[in-house]
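If you read the sequences in order, they're chains A and B. Under the working numbering, the first residue of the first sequence is numbered 1, with each subsequent residue one higher. Under the working numbering, the first residue of the second sequence is numbered 1001, with each subsequent residue one higher.
FYI, nobody ran anything at the bench for these hints, they're computed from the structure. Take the hints with a grain of salt, since some may be wrong.
[Unchecked claim] In silico contact screen, one side only, chain A against chain B (beta carbon under 8 Å); selected entries:
(1) K72
(2) D79
(3) W175
(4) I185
(5) E186
(6) V189
(7) L195
(8) V196
(9) L204
(10) F235
(11) A249
(12) V251
(13) P252
(14) F254
(15) L259
(16) F260
From the three backbone atoms N, C-alpha and C, an ideal C-beta is built for every residue, glycine too.
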Amino acid sequence: MSKEKYDKNKEALELSNGNDPLVKFSELTGIQSNLTNYIFESCNKDPNGISEKITIKELCEVADTSAPSVKKSILRLRDKNILFKGEYKDGRGGWTQYVLSRNVFDDMKELLTVDNKVKNDETETVDDTNSEPENAPTEEISAEANKKTVDKASTNKPKAKDHHDEHHDHSFPDWVTFGHTENPIEAFVKIFAWLVFWTILEVLAIVQEFESFVLNMIILFGIAVIKCWFICSFFMHMKWDPPLVNYTASVPFFFLLVLFLAIGLTTPGAVDDLATICGF
Amino acid sequence: MSDDHEHHDHIETPAPFLFCIATAIMFIGLVMATAGGEDKTGDAGYWFVFIIGIMGMFTAFFMWIQDYWDQDSEEDEHIETHHSFWATISTRKFGMWIFLLTEVMVFSTLLSAYMRYRAAVPDYSPDIDCGLQFEDCWVPAADVIRSHLIFGVINTFALLLSSLTVVLALYAAKNNDPKATTRYLMVTFVLGAMFLVLKLWEWNEMKNYNFWDEGHNGCDITDGQNIPDHCIAPKYSDGFWLDTSIEGSTFYITTGTHGAHVFIGLIAILYLIAKANKDAYNEEYHETIELFGLYWHYVDLVWVFVFPFFYLY
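Using the sequences plus the hints, can you model the full thing?
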């Protein structure tokens, strides 16, 4: 038991050191922010930065929400590399020990220190750091973080929540949106306008009935690929997704190549006379 | 509820697995019933297997819905990962991408088969001998559709617009606006349904020779004549259908498979609408709409290639 506990917590610590968080603490809001604060408070008590044994019930009370919401938020925090799971116990009376991302932990600790320093300067008391109730400075951090979030939201009008659970910002290239826009909905409508434009161009090109086969193919496939890029990049979110999505999506291209070249453009007699069949 | 650990949140349902097995049984039954037997004309006994498969699909489908319906929130199974690379997206999203990967293979098979046939048969030209019925030349579906291309264009816009409305539904969910979420999903449903209705109407017209029967501007072609200005080849004089020619087979199988994907998407939208109506999607829980969006955009993406392949050229 003790060995396993050691291993899991140690593993979580290693992960927390080696993996950068995908978002900053200040970008967290709502339940996720509350939970992170609470877990930080617990981690801060331990010299190694490992939290106490925390139950879902505790977290529900902290975040003032239901167990599924808490579980979901914890998973999201883990997805964002904010939180790492250490030792745990399943079932009735279950609990989990967490480790915060080293970067996030350091940032929060720094905020706490600055905060305490300000407090000390204000009250001119010397020895209150150890006796200070844990909740107070944590709330300060939360306020600080929320302030930052609000500041960010006010600059990114009109919908701060749009940025809430995404890993990255939703910036669109200026040429795509005909100038800079912060409103993602407006930007997506413009993407749709682009797609309509390319479709009209495609149809008009065919109605023109160009003689050249090659020209027809270049127009049709070229426009299809352009439309494909717009849909994948923006509608399918690939521009902002982590590399894992792009790598996964690129796997079929190898098979597409095999299919279109080895099957699509040849005939059963290809092995006998490849050059003739392929029209070379 | 006990203090279960969060990784117990996911639903352990056998429904997806059963659905896959039932689908396989259904297809085996369908293929054997229509093209099995010693003379390859079909073995009627396999219709029983087909029906068993269909029943299994329905049972598993409703099991699946039932398992999710009572959830307060979405489930999000999380697999332990030992490298952050694999934890950068949720397991469900990764699963959806793997699924889309297999879907790419399905459609690229159909499109490459089309290219294979098309490359093997010369396109119609007055300069070459195409046979009396033009049976030795490729007279594309695009020629049949040309006079009514507007419906294909409308369908293209409908799918593109429905992709936009899915995105808007997702944003509405993220902004805790369940009414707008429901509304956008309903618009998506209507656009998808419109696509299918137009497609079925188009099929019917093509099958029954209606597209060029009226107002064809003297385009009746007798055997052996040239085909000027997209008049219809004699081999399509009884309509353009699945068994008319290889052009018909490739056209209907590809557009039919795409239509089936749209239809399945519509069933999924109905579920999303019902859930959105229960205020199930909000700032925290909206991943299901995002995953459905990926599927729907993919269906749109396929159409981006099917349209020029079959409607324009």
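Consistency of the hints with the structure:
1. Hint status for K72 (chain A): holds, given a least beta-carbon distance of 6 Å to chain B, under 8 Å.
2. Given hint, D79 (chain A) at the interface with chain B, holds; its Cβ is 6 Å from that chain's nearest Cβ, closer than 8 Å.
3. With a least beta-carbon distance of about 19 Å to chain B, the hint placing W175 (chain A) at the interface is violated under the 8 Å criterion.
4. Because the beta carbon of I185 (chain A) sits about 6 Å from the nearest beta carbon in chain B, less than 8 Å, this interface hint is met.
5. Evaluation of the E186 (chain A) hint against chain B yields a violated restraint, the C-beta minimum of about 11 Å exceeding 8 Å.
6. Hint status for V189 (chain A): holds, given a least beta-carbon distance of 7 Å to chain B, under 8 Å.
7. Restraint check, L195 (chain A) versus chain B: the minimum CB separation of about 5 Å is within 8 Å; hint holds.
8. Proximity of V196 (chain A) to chain B holds as hinted, the smallest CB-CB distance being about 6 Å (cut-off 8 Å).
9. For L204 (chain A), the interface hint is violated, since its Cβ never comes within 8 Å of a Cβ in chain B; the closest pair sits about 11 Å apart.
10. The closest approach between the C-beta of F235 (chain A) and any C-beta of chain B is roughly 5 Å, which is under the 8 Å cut-off, so the hint is satisfied.
11. Satisfaction of the interface hint for A249 (chain A) is found here, the shortest Cβ-Cβ separation to chain B being roughly 6 Å, below the 8 Å cut-off.
12. The interface hint given for V251 (chain A) is met, as the beta carbon of that residue sits about 6 Å from the closest beta carbon of chain B, less than 8 Å.
13. With its C-beta approaching chain B no nearer than about 4 Å, P252 (chain A) sits inside the 8 Å limit, and its interface hint holds.
14. A hinted interface residue such as F254 (chain A) counts as satisfied when its beta carbon comes closer than 8 Å to some beta carbon of chain B; here the least separation is about 11 Å, so the hint is violated.
15. Annotation: L259 (chain A) was flagged as interfacial toward chain B, and the flag holds, the nearest CB pair being 4 Å apart, inside 8 Å.
16. Interface restraint check: F260 (chain A) against chain B, minimum CB-CB distance 5 Å, threshold 8 Å, status holds.
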